[in-house]
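Number of protein chains: 2
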Amino acid sequence: MRQAGRYLPEYREIRATLDFVQLCRSPELAAEVTIQPLRRFDLDAAIIFSDILIPCTAMGQDLTFDKGHGPRLTPPIRGASDLARLRHPDADKELGYVGEAIAKTKTMLRPDQTMIGFAGAPFTVASYMIEGSGSKEFTEVKRLLFTQPDVFKNLLNLLGDVTIDYLRMQIRAGADVVMLFDTWAGQLTVGDYVTQVLPVTSRVISAIRNSGTPVIYFPGQGSDRLYELKDCPANMFSIDWRTRLSRATKILADIGSTAGVQGNLDPQSLIGTEADIRARTRNILEEARGARSHIFNVGHGLLPHTPPEALSWVVDEVRRFNK
Amino acid sequence: MRQAGRYLPEYREIRATLDFVQLCRSPELAAEVTIQPLRRFDLDAAIIFSDILIPCTAMGQDLTFDKGHGPRLTPPIRGASDLARLRHPDADKELGYVGEAIAKTKTMLRPDQTMIGFAGAPFTVASYMIEGSGSKEFTEVKRLLFTQPDVFKNLLNLLGDVTIDYLRMQIRAGADVVMLFDTWAGQLTVGDYVTQVLPVTSRVISAIRNSGTPVIYFPGQGSDRLYELKDCPANMFSIDWRTRLSRATKILADIGSTAGVQGNLDPQSLIGTEADIRARTRNILEEARGARSHIFNVGHGLLPHTPPEALSWVVDEVRRFNK
Chain A
68 MRQAGRYLPE
78 YREIRATLDF
88 VQLCRSPELA
98 AEVTIQPLRR
108 FDLDAAIIFS
118 DILIPCTAMG
128 QDLTFDKGHG
138 PRLTPPIRGA
148 SDLARLRHPD
158 ADKELGYVGE
168 AIAKTKTMLR
178 PDQTMIGFAG
188 APFTVASYMI
198 EGSGSKEFTE
208 VKRLLFTQPD
218 VFKNLLNLLG
228 DVTIDYLRMQ
238 IRAGADVVML
248 FDTWAGQLTV
258 GDYVTQVLPV
268 TSRVISAIRN
278 SGTPVIYFPG
288 QGSDRLYELK
298 DCPANMFSID
308 WRTRLSRATK
318 ILADIGSTAG
328 VQGNLDPQSL
338 IGTEADIRAR
348 TRNILEEARG
358 ARSHIFNVGH
368 GLLPHTPPEA
378 LSWVVDEVRR
388 FNK
Chain B
68 MRQAGRYLPE
78 YREIRATLDF
88 VQLCRSPELA
98 AEVTIQPLRR
108 FDLDAAIIFS
118 DILIPCTAMG
128 QDLTFDKGHG
138 PRLTPPIRGA
148 SDLARLRHPD
158 ADKELGYVGE
168 AIAKTKTMLR
178 PDQTMIGFAG
188 APFTVASYMI
198 EGSGSKEFTE
208 VKRLLFTQPD
218 VFKNLLNLLG
228 DVTIDYLRMQ
238 IRAGADVVML
248 FDTWAGQLTV
258 GDYVTQVLPV
268 TSRVISAIRN
278 SGTPVIYFPG
288 QGSDRLYELK
298 DCPANMFSID
308 WRTRLSRATK
318 ILADIGSTAG
328 VQGNLDPQSL
338 IGTEADIRAR
348 TRNILEEARG
358 ARSHIFNVGH
368 GLLPHTPPEA
378 LSWVVDEVRR
388 FNK
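These protein sequence lines are chains A and B, in that order.
The working numbering puts the first sequence at residues 68 to 390.
The working numbering puts the second sequence at residues 68 to 390.
Mixed in with the good hints, there may be bad ones.
The list makes no distinction among identical chains, and a pair is therefore deemed to hold if it is satisfied within one copy or across any two copies.
[What the hints assert, rightly or not] Below, computed lysine-lysine pairings styled on PhoX-like, alpha-carbon distance capped at 20 Å:
(1) K203 to K134
(2) K317 to K390
(3) K160 to K171
(4) K220 to K134
(5) K203 to K171
(6) K203 to K297
(7) K297 to K317
(8) K317 to K220
(9) K390 to K297
(10) K160 to K134
Please keep in mind that the hints were generated in silico from the structure rather than gathered at the bench.
All of these numbers come straight from a predicted model, not from anything done at the bench.
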């Protein structure tokens with residue numbers, strides 16, 4: 068879960084020399100910042116340094132990160148003619164730098180360490196493509212959904228196709244597992260999520276699982292969508308900090324899902340005291356006891372002001388628990 | 068649920084003559100914009116035109132609304148010395164204009180129409196007071212919670228006391244029911260919500276209910292917190308659009324709560340077609356059949372671009388269903 072960097076001085080040193088998108092496009096440096104946390108902490112996996120909006124750049128949008136304003140994608144997709152200008156990129160040729168970064172990272176991992184690739188889920192990527200930026204109320208996303216449903220659907224289906232190719236490229240490059248981030252899934256009613264978003268999302272997950280690679284799906288913003296995931300073919304569901312892991316596990320058992328859970332320490336709690344951080348870590352491990360399987364992780368991305376030593380307390384506590 | 072206004076031309080006409088905070092402080096005009104939707108639509112209730120941050124102005128913060136940036140509260144509360152400067156206002160003397168607006172509105176209501184007063188819940192108001200504005204990641208809120216928990220607790224307790232006085236003043240002025248908006252409740256883990264937020268919130272609700280006035284509590288951002296509300300004394304829980312009303316009803320039955328539900332049409336869906344809006348309205352009425360009681364409402368505030376005629380379709384559909 069976005070473990071690479073922003074909170075590490077050695078990351079900020081590299082970032083000072085080039086901008087975020089350039090760093091994503093530089094396989095050597097992207098591999099370097101991917102591996103940095105594993106030099107400091109006894110972690111089981113590395114997640115490739117990149118961004119969920121990188122594929123949009125190969126589809127025909129410009130991506131920039133304005134200081135303090137998050138991502139900007141131009142031009143925004145607001146109708147059929149905008150959609151018609153988007154391309155389905157050749158993942159190897161146009162996004163191959165992500166694969167190269169994965170391959171380079173993999174040479175630095177121990178055989179028992181897992182290489183995680185990732186992509187944004189179609190709805191969450193579409194949200195940025197439509198708004199042209201992050202959003203609070205997702206007004207343009209919903210305007211497209213409610214007034215031009217065919218355009219919305221075609222955009223999601225295009226993103227589904229692109230995402231399958233993109234993840235397969237990452238797997239060929241060495242990703243052992245892939246994550247699919249649906250950070251904004253909770254902006255929709257459950258009904259709209261089930262009818263408009265879940266089918267294309269499950270299609271992506273199926274295509275990857277059918278090729279033998281496990282998939283972790285992150286349906287963000289609370290547990291309301293978990294009830295609907297009986298037939299979603301993900302191996303694991305990543306749970307944000309809003310939901311108790313014991314609750315997520317119970318919901319999955321109730322619907323007959325065999326998926327495990329990943330999560331879900333509140334990343335913001337890492338600015339607290341050592342005793343509190345250790346207690347929260349143990350609590351999550353206890354809450355996950357009933358799960359089919361559990362990958363310990365934070366419940367969302369780490370923030371830049373996270374003290375690195377807080378991560379060492381978390382890792383230590385997880386290792387103790389597993390002994 | 069913030070039904071007054073922003074989408075009505077007659078509201079925008081008044082707002083063109085004075086700023087938002089001035090309008091909240093002008094009882095005649097606040098009453099006028101409160102009643103405007105009831106002149107157009109066959110509604111059962113009016114909710115007073117105001118803002119959850121109005122009490123902060125009487126506690127010692129300056130409130131402005133920057134175009135496109137939402138509310139600004141200065142100075143932000145970041146530590147014990149900031150907290151020490153806050154005052155517990157005399158609600159009648161310093162916030163009496165809200166009561167006056169309620170009293171004036173009430174003279175314009177039919178006897179069978181309900182007057183709703185409201186306040187922000189302590190955590191949600193504290194979030195704005197600490198950040199000094201709206202926020203995406205609530206970093207300063209969590210920094211205070213995790214590094215200065217006593218200051219955080221004392222701020223919430225002060226807000227609890229202020230909110231009780233503020234709502235009682237509204238009730239004396241004529242509010243028949245009050246709503247307590249906890250829009251950002253879902254930013255916390257369920258554990259932190261239960262230990263840090265729910266006790267003071269339930270204290271406010273108890274104090275109002277004990278005086279005989281019903282309370283509707285809105286724990287925003289999904290159903291994860293509903294599981295914890297068995298002992299929360301609210302008469303109704305307002306449910307945002309993220310949760311199926313049938314799910315909310317089932318959770319409340321499972322925990323043994325006797326509360327009803329309010330909600331929960333996605334306000335953004337009101338830009339869709341008449342057929343879709345009518346179908347969504349009927350669907351919510353069907354989903355609420357198992358509830359102890361149900362108040363039909365939108366699941367969040369109406370947006371400025373909502374076409375007024377969409378509201379007439381919703382009201383018509385609710386009236387048909389009830390026949």
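Results for each hint:
Taking CA atoms no more than 20 Å apart as the test, K203 paired with K134 passes in both settings, with 18 Å inside one copy and 15 Å between copies. For the identical chains of this complex, K317 and K390 are neighbours neither inside a copy (25 Å) nor across copies (39 Å), given an alpha-carbon limit of 20 Å. Within a single copy, K160 and K171 get their C-alpha atoms as close as 17 Å, which meets the 20 Å cut-off; across copies the closest is 68 Å, which misses it. Taking identical chains as interchangeable, the C-alpha atoms of K220 and K134 are never at most 20 Å apart, the minima being 32 Å within one chain and 33 Å between chains.
With identical chains, the CA atoms of K203 and K171 are never at most 20 Å apart, being 37 Å at best within one copy and 34 Å at best between copies. For a Cα distance limit of 20 Å, the shortest separation of K203 from K297 qualifies neither inside one copy, at 29 Å, nor across copies, at 31 Å. For the homomeric pair K297 and K317, the shortest alpha-carbon distances inside one copy (13 Å) and between copies (19 Å) are both at most 20 Å. Neither within a single protomer nor between protomers do K317 and K220 lie at most 20 Å apart by alpha-carbon distance, with minima of 32 Å and 32 Å respectively.
In this assembly of identical chains, the alpha carbons of K390 and K297 never lie at most 20 Å apart, being 33 Å within a copy and 37 Å across copies at closest. Taking the shortest Cα distances, K160 and K134 never come within 20 Å of each other, neither inside one copy (30 Å) nor across copies (44 Å).
Checked against the numbered hints above, the structure violates hints 2, 4, 5, 6, 8, 9 and 10; every other hint is satisfied.
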